[in-house]
Amino acid sequence: MCRKDTERTMRLLTERQLEAFLRSAETDYDVRVPVALRDGTRTLGRLDDGRLALAGGAIPAKMTNVFFPQMDRLLTAGPDGPDIPKPVLRPLLVVGFTAQDAECLEFIDRFYAENYRDDVYFNRRDGAVIVCVSGRCGPQGRFLEIAGGKCDMEFICDGQSYLVLGYSPVGKALTEKLAARQPAGTATLTELQKESDSLAREDSRLLQAASRLLLEEKVPEEFWRSVSDRCIACTSCNLVCPTCTCFDVFDRVVDGKVQRWRTWDSCQLDGFMREASGHNPMGLEHQRTRRRIHHKLAADPKRWGQLTCMLCGRCDDACPTGIGVKAVCREMVSKYGSV
Amino acid sequence: MDNSIDRAADRFAERLGVIDKHTLYRPFNCTLRSVRDLTPSEKMFRLAKLEGGPFGHRPGQFMQVSVLGIGEAPISVSSSPTRGDYLELGVRAAGTLTSALHRLKPGDEIGLRGPFGTHFPTDEMKGRDLLLISGGCGLAPMRALIQYVEDRRGDFRKVTILYGAKSPDDVLYKDELRGWRNSKIFECQVTVDRVPGGTCWDANVGMITKLIPPLQIRPDDTTAVIVGPPIMYKFVIEELCAKGLNAGNIVVSLERHMKCGVGKCGHCTIDHLYCCIDGPVFRLDQVANLKGAI
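Chains as they are written, first to last, in our numbering: chain A, 1 to 339; chain B, 340 to 633.
Don't read these hints as lab results, they were simulated from the structure.
For clarity, every value in this text was computed on a predicted model and none was experimentally measured.
Among the clues, some could well be false.
Result set (DSS-like, lysine-lysine): computed pairs, CA atoms no more than 25 Å apart in a straight line [to be verified]: (1) A:257 x B:444; (2) A:194 x A:172; (3) B:630 x A:326; (4) A:257 x A:86; (5) B:630 x A:218; (6) A:177 x A:150; (7) B:630 x A:335; (8) B:465 x B:505; (9) B:497 x B:444; (10) B:444 x B:465; (11) B:630 x A:302; (12) A:150 x A:326; (13) B:505 x B:444; (14) B:444 x B:382; (15) A:194 x A:150.
Build out the structure end to end from the sequences listed, making use of the hints.
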């Protein structure tokens, strides 16, 4: 990103003005934003689904489900052979990513693009505009890390209003269309950036330490048995994880036509790797518990050169028995290593 | 035989990559040319493309076989590309999809995606002794390699085939095995774990591992290939190591349930490897130290 260029297009808007901007963007985009539903749930939806709720931090559901939904049609049987889904007509504009969510998206973009390009994923992802929300608008007043160039646009809360920054060409073009509430001062951005840079990084160091332990094979089976004893196989960890990409494939008949779908799957389920012969390479619960953590912190670094847990915190929030990634890493490092 | 087949397969694979970019999950239709019984629970299917032409596969690769309305499953190809523009699949009726396949008749259409995965390293195997060991259904993918070697016999030195099944009734490709056993170009031994009373059987009885110690093996000049049920690998590998073979000269084909075949669904991971794109054929030293691989 060219910082000067970004600062030149920067705007300062209230949430109300941002809402007006997002409504105007609906002409060209399928706009999804964080909304507060009547029952108080904060979720990703369309502007008419509820009150715009930019503040509050990460949406509980994973943001990547916009492009990799829980159920997705792969094909429909047609008279001229199987018919595959077409790219979406209006590209998506998705608001509400945190900096960690943007990193997760960056990884799964890479995952779906490399080796074989997953056309079903890119039908939605191509042309989509990613907007992060950061600054002084986290839960319980926490500061949300500034994403910077990891997205197309960013809304950075200064406590009252939002600095709007465009990073990519499309992000800059959209930002330039905005009328400024008042001249946006770069001093405020510098101030907010300093606040972001000063955020504690203990969890990141913890994750790195846990990863080293796994790569050096210093974590014994008995540890995984003790963690798996607390797992109830509810699969929440997988369902909320933005970098979990596993899926199952099944056929069904809709309106007399055969359709093939994929649906999220969970490596925490006994049948995940079971073969028709009965052979099950992950037939024991502790093997599955190990897999969940090992895959993100050891297998993926070997394959992709990066950790694939971005510390979004969703699995720790969702796990009913307290064995999300951070909790397990904390326990692992306290037993077998040091940060 | 035509040595241009390997190059054609490479060109096909390149082309497939381009096609797949837009239709990753769409199968292409094939005609079921013939079906024949191998055992009471296994059948052999011969398929041809509707428009004709080669499938572009190499021995060891697999196809995602699709019956619309039922589902899709990975199945190893059991014929060599050197045999013509058809594809054969040896299929045990074990799951929903394979049971549906068993109900199909010649003339029916089947959807296929692929070929996918790595193949047996036939180029690196040239000029070497080959020890081809398979058990149970493992003979299906091994057959593709055996046919390939048979058609290019001059490229390889001594070729030994070992095959084990549970009982005489479970032996696959009986006619072909008889041919290989009588052939002068192979040394072929077959064994079964047990022979039920009243069954006629003229070969070995006992575990396949018992066939290995008596063999004369030149470990540095031999490539061993193993395909079989998961339990077989550990014990066969131990016997091969006892004969002096190192992990770099042992090739294994690992079975996992690939749901997509293209490295996305996550069902076939072995540590950092995806069995569908990094395998199913691995050199043993690639996977020997990975938890859960063997």
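Quick rundown of the hints versus the structure:
no.	hint	verdict
1	A:257 x B:444	holds (23 Å)
2	A:194 x A:172	holds (23 Å)
3	B:630 x A:326	holds (23 Å)
4	A:257 x A:86	holds (17 Å)
5	B:630 x A:218	holds (14 Å)
6	A:177 x A:150	holds (21 Å)
7	B:630 x A:335	holds (22 Å)
8	B:465 x B:505	violated (32 Å)
9	B:497 x B:444	violated (40 Å)
10	B:444 x B:465	violated (39 Å)
11	B:630 x A:302	holds (14 Å)
12	A:150 x A:326	holds (23 Å)
13	B:505 x B:444	violated (28 Å)
14	B:444 x B:382	holds (11 Å)
15	A:194 x A:150	holds (18 Å)
Consistency note: the structure conflicts with the earlier hints numbered 8, 9, 10, 13.
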